[in-house]
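Let the sequences and hints guide you as you build the complete structure.
Be aware that the sequence shown starts at 1, since it is given in the numbering used here, and climbs by one per residue.
None of these hints come from the bench; they were simulated from the model.
A virtual CB, placed ideally from N, CA and C, is assigned to each residue, including glycine.
Don't take every hint at face value.
[Claimed, not checked] Here are the simulated lysine-lysine pairs, DSS-like style, with alpha carbons at most 30 angstroms apart:
{"no.": "1", "residue 1": "K40", "residue 2": "K354"}
{"no.": "2", "residue 1": "K355", "residue 2": "K40"}
{"no.": "3", "residue 1": "K255", "residue 2": "K355"}
{"no.": "4", "residue 1": "K40", "residue 2": "K255"}
{"no.": "5", "residue 1": "K255", "residue 2": "K354"}
[Said to hold, decoys possible] Okay, the calculated beta carbon distance ranges per label pair:
{"no.": "6", "residue 1": "A352", "residue 2": "N410", "range": "32 to 38 angstroms"}
{"no.": "7", "residue 1": "G8", "residue 2": "Y429", "range": "39 to 45 angstroms"}
{"no.": "8", "residue 1": "N294", "residue 2": "G226", "range": "15 to 21 angstroms"}
{"no.": "9", "residue 1": "L450", "residue 2": "V309", "range": "50 to 56 angstroms"}
{"no.": "10", "residue 1": "I459", "residue 2": "E102", "range": "25 to 31 angstroms"}
{"no.": "11", "residue 1": "M378", "residue 2": "G226", "range": "18 to 24 angstroms"}
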Amino acid sequence: MLDPIDTGIIFAYLALMIVIGLYASRRQNSVEDFFVAGGKLGTFSIACLWLAAWVGGATIVGGTAKVYEFGISGGWYITCMIIGCLSFGSLFAARVKRSGNEHQLLTYPDFIETRYDSRTRIVATVTTIIAYVGFSAGQLAAAAAILSSLLGWDYSSSLLLASSIIVLYTATGGFLAVAYTDYVQVTLLLVGVVIVGIPVAILNGGTFDALISQSPTGHFNPTNWGVPTMVALGFSLPMSFFVSMDNFTRMFAAKNEVIAKRGTLLAALFLVPLAVGTIWLGLTAAVLYPGAENSGDILSRLVMDIFPVGLKGLMLVGILAALMSTADICILTAAANGSRDIYQRYLDPDVAPKKLFRISMILAAIVGVASALMAWRMQDVVDILLIAFTINAAGLFVPTVAMVTGKSVNSSAAFWSIALSLVTVIAWYIASAMDVAAVFSFDPLWPGLLVSIVTFFGIS
Numbered sequence: 001m002l003d004p005i006d007t008g009i010i011f012a013y014l015a016l017m018i019v020i021g022l023y024a025s026r027r028q029n030s031v032e033d034f035f036v037a038g039g040k041l042g043t044f045s046i047a048c049l050w051l052a053a054w055v056g057g058a059t060i061v062g063g064t065a066k067v068y069e070f071g072i073s074g075g076w077y078i079t080c081m082i083i084g085c086l087s088f089g090s091l092f093a094a095r096v097k098r099s100g101n102e103h104q105l106l107t108y109p110d111f112i113e114t115r116y117d118s119r120t121r122i123v124a125t126v127t128t129i130i131a132y133v134g135f136s137a138g139q140l141a142a143a144a145a146i147l148s149s150l151l152g153w154d155y156s157s158s159l160l161l162a163s164s165i166i167v168l169y170t171a172t173g174g175f176l177a178v179a180y181t182d183y184v185q186v187t188l189l190l191v192g193v194v195i196v197g198i199p200v201a202i203l204n205g206g207t208f209d210a211l212i213s214q215s216p217t218g219h220f221n222p223t224n225w226g227v228p229t230m231v232a233l234g235f236s237l238p239m240s241f242f243v244s245m246d247n248f249t250r251m252f253a254a255k256n257e258v259i260a261k262r263g264t265l266l267a268a269l270f271l272v273p274l275a276v277g278t279i280w281l282g283l284t285a286a287v288l289y290p291g292a293e294n295s296g297d298i299l300s301r302l303v304m305d306i307f308p309v310g311l312k313g314l315m316l317v318g319i320l321a322a323l324m325s326t327a328d329i330c331i332l333t334a335a336a337n338g339s340r341d342i343y344q345r346y347l348d349p350d351v352a353p354k355k356l357f358r359i360s361m362i363l364a365a366i367v368g369v370a371s372a373l374m375a376w377r378m379q380d381v382v383d384i385l386l387i388a389f390t391i392n393a394a395g396l397f398v399p400t401v402a403m404v405t406g407k408s409v410n411s412s413a414a415f416w417s418i419a420l421s422l423v424t425v426i427a428w429y430i431a432s433a434m435d436v437a438a439v440f441s442f443d444p445l446w447p448g449l450l451v452s453i454v455t456f457f458g459i460s
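Put into structure tokens, the structure is as follows:
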């Protein structure tokens, strides 16, 4: 159990998130404020939003666990993030912002409909909602696992606490709350994992020499995680950068094209020390706790054992910040899909701004509940997130890249490539779970992506 000082630090942080959310709710004057912070954010704000959204449970908790299991190859997850961030920043950021200004866009399906038709928009919306409920669930599951380990509560109670706080400040404060809380959470994340985490690990047996000489065999093999898994992740994760709605939302929230690009590239730079910190902590745990049965809670165990009072609370708050800052934008993204891309687009085009604002808040709460239920049912963080990445990337990547790069295509090609890919991926997961045949042991990304490519270019 935690010392009262560390417990107090954690609850003070949770309370601060609620206060910030309520403060942000008072500063919102429009639906644009709720979804994209009025399109007025600067370079550092955009970088913080990138970092906070993508560095979540899989990166810190799951990433450390993978490094513990497989060594430096476990750092491939965050390396793929750096690749995706650099690629999106260099190729897409300015173009997306320019298109957002020209067409007054707020969401990714808004963007899709500028080149394709309304049915393509709706299938893109459905795909995005499914994926983002999965993204949110993965972060909530990780947050619940951490709180359960720290506070001695059962998983369900910890999940209820984490979900309630995240949903409260996200649903009330919208994108402004996400931006304000992310300033705090990115700072805590960098301080906890890098500035505090690495030195404490070194002082407790995690020196560079010890990591080299005492790590398990194969831990410095760059492909120890497994080439098939690393290749699949190397495609699906960077591809997700080009089709993840929250990435487009960040670009719409930037002041101008230059800031959109600079903020994205700055985020990639910030990811480097976090990659080092995650790998260092994972290898330290491998040296101190060889042969542990459950790698999922290895980071919590490391923090509880070697971090002193006060710094322990700060480190744990940094981990929670990583989880919560990703969950909030994912919940907001799915809520925006529901309110903007379904309700306003198809059910009530002339809806009053205040009514749409209320609907958005309600949908944020509903998405949060759905994500919590998925987290309660599945619990495995990385499995949940890999499903979400695959659903998001397999069908949306090709049509999105085609429209941004200016390729002449038709709406039928986009619609059927997204729809058939989504069906293929979901059916593949079901068949794999039922152990129908050996062929379904392959990652669903590949058949889903193949169907998307063949359909898109076949119809075009």
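Quiz prompt | Ascending list of hint numbers which this structure does not respect | solution = Violated hints: none; all satisfied.
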